[in-house]
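Chemist: Can you build the whole structure from these sequences, using the hints too?
Protein chains in written order, with numbering that gives the first Met the number 0: chain C, 0 to 114; chain D, 0 to 499.
No lab work stands behind these hints: they were computed from the structure.
Think of the CB as a built atom: it goes at the ideal place given N, C-alpha and C, for glycine as much as any other residue.
One thing to keep in mind: the hints can contain errors.
Stated by the list, open to error - Simulated DEER-style distance windows between Cβ atoms:
1) D:Asn197 <-> C:Ile57: 25 to 35 Å
2) D:Lys59 <-> C:Tyr6: 31 to 41 Å
3) D:Ile463 <-> C:Ile27: 43 to 53 Å
4) C:Tyr6 <-> D:Leu278: 56 to 66 Å
5) C:Ile7 <-> D:Asp356: 50 to 60 Å
As the list claims (entries may be wrong) - Derived DSBU-like pairs (lysine-lysine); straight-line CA-CA distance at most 30 Å:
6) D:Lys487 <-> D:Lys200
7) C:Lys100 <-> C:Lys24
8) D:Lys487 <-> D:Lys366
9) D:Lys487 <-> C:Lys50
10) D:Lys274 <-> D:Lys487
11) D:Lys160 <-> C:Lys28
12) D:Lys364 <-> D:Lys274
13) C:Lys24 <-> C:Lys111
14) D:Lys160 <-> D:Lys107
15) C:Lys111 <-> C:Lys23
16) D:Lys160 <-> D:Lys59
17) D:Lys160 <-> C:Lys23
18) D:Lys107 <-> D:Lys445
19) D:Lys487 <-> D:Lys59
20) C:Lys100 <-> C:Lys23
21) D:Lys160 <-> C:Lys111
22) C:Lys100 <-> D:Lys428
23) C:Lys50 <-> D:Lys200
24) C:Lys100 <-> D:Lys107
25) D:Lys193 <-> D:Lys107
26) D:Lys200 <-> D:Lys105
27) D:Lys105 <-> D:Lys160
28) C:Lys111 <-> C:Lys100
29) C:Lys111 <-> D:Lys105
30) D:Lys487 <-> C:Lys111
31) D:Lys207 <-> D:Lys480
32) D:Lys105 <-> C:Lys100
33) D:Lys364 <-> D:Lys428
34) D:Lys428 <-> C:Lys111
35) C:Lys111 <-> D:Lys425
36) D:Lys23 <-> C:Lys24
37) D:Lys47 <-> D:Lys160
38) C:Lys51 <-> C:Lys111
39) D:Lys193 <-> C:Lys50
40) C:Lys51 <-> D:Lys207
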Amino acid sequence: MAGYIPYILCLILFLVGLYAILVKKNLIKIIIGLGIIDYSLNLFFVLVGYKKGSGFPILTKGETVHPMVDPLPQALVLTAIVIGLAVTMLMIAIAIRLYEKYGTFDITQIRKLKG
Amino acid sequence: MIPLFTVIPLGTAFIVALIGRFVKWLSDIFATLANLVLVVLSFFLLVKLQSTPNNVITYKVGGWIPPFGILLVVDYLSVMMLLTVNIVALCSTVFSISYMERYTDKWKYYSLFMLMLAGMNGVIITGDIFNMYVFLEIAAIASYALVSFGCESEELEASFKYLVLGSVASSLILLSIALVYSYISSLNFADIAKVLENLPKERTYIIKFVIMLMIVGFGLKAALVPFHSWLPDAHPSAPAPISAMLSGVLIKTLGIYALVRLLFNVFGIQQNMLKILVLLGILSMIVGVILALYQWDYKRLLAYHSISQVGYIILGIGLGTPLGILGGIFHLINHSLFKSLLFLTSGATEYTLSTRDLRLMGGLKQKMPYTTFCALVGSMSISGIPPFNGFWSKFIIILACIQINNIFAAIIAAVVSLLTLSSFTKVMKYGFYTEPQNNTAQIQIKEVPVYMVISMLILSVLCIIAGILVLPQIRTLFLDKVVFVLQKGTEYGNIVFSNL
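Modeler: In structure tokens, the structure reads:
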């Protein structure tokens, strides 16, 4: 059971992010919510490659082979982090522009589109 | 040769970004040339594919053997998508040469455009699930930026909406990739397909969960009802050539192609899961067309029709029979052609009249004969009037529905086609054929610049002649082979590995 706790915490983190996106009215809080979802997924990806009691996946000279964590998810997570950075930056840039146009971060007041 | 499909647009994007600021005219030429080369390369690949064994070409990135390295795979389905995407992209680029004069910083536009194209081509040629995610994000991020390119309040608002929903979709796709990796320990399409084939059936419950996540994630990207709410805002807000790209090819590449490739060739979807696709398709068809009926904004109307037409594609492919898949695939090609054509005509009318409200247009028949002709061709194609291409694909889809005794879906498809016709009758009547509404503004309008006319005429001609693709002799050469790729299902894995 104890082995599942990290995954459950990961799920809770994901749900916290989803809650922020669905309920919060402030643009910045929505952006933070998306960031939290990103982090929870990155954490999940790293957890997938983790094995209890294993070392880092580098074999130095003269060392015997020992249990290692899977390095591939870590490489993938690095890529995902970079993508998340780009998305967050674009989102913040658009939020700033929206603030210039509407003078507010409240999404209930940003509604010129309809139909 | 396969990597060139992403290398050329990526390289062009960076060159244009570097020197476009200083040499203004260069970005037009560079973007058009790159697109032209890509179209030629796609045709070349089509010819080359016919002479290769098993009709599969692979390329090992960096020389690493799969499943350890990234593998690029091109088969008939990929080539079909490459051709569609690059032809529509070429027409949009030619259209942009004149149209984008209205905006500042044209080179930034071209740079983002080429990035989006690189992402789409990458999604199509890749054979690796995480690599697909990366390319998908490249295309998606470029499209978010392009939707807000005008920096008006509506555009920014639409872009933010699109961004939030698109990011949630990407997160779900990433989650499904993490689950697949944790379960199978491989990211290669072919390898996943092979491993899954050897697993006992009762152990694949997690794959069912992954498939559901992917239907939601890619469904958000493809704007299937009930995931459609971003599309009617995002697509009309973009500049017209970008609307043409988004509605014409982006939702199909990122949504439908990726979903269909994964479900059919990698996870080997079962018949009962396909029913979900049929249901989503029918829902999208009905909701899209009903919401489109009372729109007066030309581009918003077209955007709602995109939802409805994507429903046809998903319905056809979801039927799972060879005829249904043929109809779906053929409608995918046709929809790319006529929807981008219609969005380009909406750009042309906006260019001259500065309005998108159909009630304020009118009287364009004499003043803009070419645009009117192109809009007429597009409208007749989308509403399924013979002999235009839209008729043939809708006809095949309805036949396929009747063939498996799904009369309900067949009736819905026919009724939605009629409603589409009524909607586009409205467009043609109010937008082009009535007398001018307010005479003062109408006097000085004239036909749009020559580049815009050329690109619209190319697409119109393609709309008229694309119907020949279903003729029996030509069908065996191209469309049947595309259908065959999907029909083989998870055989894909063995075929790719035997062709390394």
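Chemist: Any of the earlier hints contradicted here, and which numbers?
Modeler: 4, 8, 9, 12, 16, 22, 25, 26, 30, 36, 37 and 38
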